[in-house]
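Here are the chains, one letter per residue:
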Amino acid sequence: MNLIALFRRDSAPVARERLQILLAHERATRGQSDLLSILREEILAVIGRHVSYDPEKVQITMDRGKSVSTLAVDIEIPNGSSRLSAIHA
Amino acid sequence: MAQVLVVTSGKGGVGKTTSTAALGAALAQDGAKVVVIDFDVGLRNLDLVLGAERRVVFDLINVINGVAKLSQALIRDKRLENLHLLPASQTRDKDALTEDGVAKVIEELRTKFDWVLCDSPAGIERGATLAMRYADSAIIVTNPEVSSVRDSDRIIGLLDSKTVKAERGERVDKHLLITRYQSSRAARGEMLSVEDVLEILSTPLLGIVPESKEVLRASNMGSPVILSDPKSAPARAYSDAARRLKGEQIPMHVPKEAKSLLNMLFARKAA
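Here the protein sequences line up with chains A and B, keeping their order.
Take the numbering used here: the last position of the first sequence gets the number 105, and nothing is skipped along the way.
Take the numbering used here: the last position of the second sequence gets the number 272, and nothing is skipped along the way.
One or more of the hints may lead you astray.
Some but not every residue of chain A turned toward chain B, in silico, with C-beta under 8 Å [stated by the list, open to error]: (1) I37; (2) L38; (3) E42; (4) R46; (5) A88; (6) D90; (7) I91; (8) P94.
Chain A side only, calculated, beta carbon under 7 Å to chain B, not exhaustive [unchecked claim]: (9) R24; (10) A31; (11) E33; (12) L35.
Label pairs and their in silico Cβ distance ranges [unchecked claim]: (13) B:P205 to A:Q36: 14 to 22 Å; (14) A:L51 to B:K247: 38 to 46 Å; (15) B:G170 to A:P71: 34 to 42 Å; (16) B:R155 to A:E72: 21 to 29 Å; (17) B:R55 to A:E72: 29 to 37 Å; (18) A:L60 to B:R55: 52 to 60 Å; (19) B:M253 to A:L38: 24 to 32 Å; (20) A:I54 to B:R56: 48 to 56 Å; (21) A:Q75 to B:M222: 50 to 58 Å.
If you're looking for bench data, these hints aren't it; they were derived computationally from the structure.
The beta carbon of each residue, even a glycine, is placed where N, CA and C say it ideally should be.
Just need the whole structure built from these sequences, with the hints factored in.
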């Protein structure tokens, strides 16, 4: 038992790190979550009809400025991912 | 000037009701007039934790509907004459809670009491948002555990956006109450420490309540821990927290859990 405990990593720092990453993300999207989640859903629906992507590798952010706001859509598409034929449908 | 406080957390089972009862009792013990309101319509428990479950006649919804007057629904504590309970309804639909109704009840309570403590239900639905709606300040009850911390962060976001004060551009004062803390496990890196939680939530600390058998005993007995075991570590943590709420400067004390003889015999030191 003690030997295993010696080599096992403390779990509290892991919890702390996971929370910091998660909450940074959740706070950034708070407030704009309504508009952003609608945009996210619809953009991904369109993209997904044509190429396959990893849902984990999608970043959609909105920066609100005084006069202009920017919407950044960053979707990582794996090389060689088969292009779905749109004609098929 | 009455202070309206919401005791909230997002996550269930972290100690909102226990904390509401203990803080309410601690404030009342010091002579202030205190009312604790149970907002958990359908799943009321504050009456049980306060040992008043057999004295409930009318409830919050009855008052909102005009079936009963506020004075008929308020239950005075048998041990502390300054402590009053406004119970939740056990049977009615939670949609019976209306924003105007709650506003009226809180306004009336403000004129009669020094402290109005709103015990929020878990979640972020109607009951929880109405419990915080008219609050001047908030106590966020958090366990040193990932899901509780995450939900607390969510609740902090709601306090900053969905309360009347926030909508007026003012701030709801927020206080963090860490409950079920086990300092030895935190020291061994098995549990988030107080510092971790504070850094993540960046909210001022109101108190640290240790995991302890006295808290369980208190709810078994239907008596706030302040009264059932006044010398215990959790009672001290709650009474210190209550004094901090009143603006007193009390040094923060990280409670150590009492080790039983058995634990000491079998304790294995981590290398």
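Run the structure past the numbered hints and jot down the numbers of the failing ones, going up.
-> 1, 5, 6, 7, 8, 9, 11, 17
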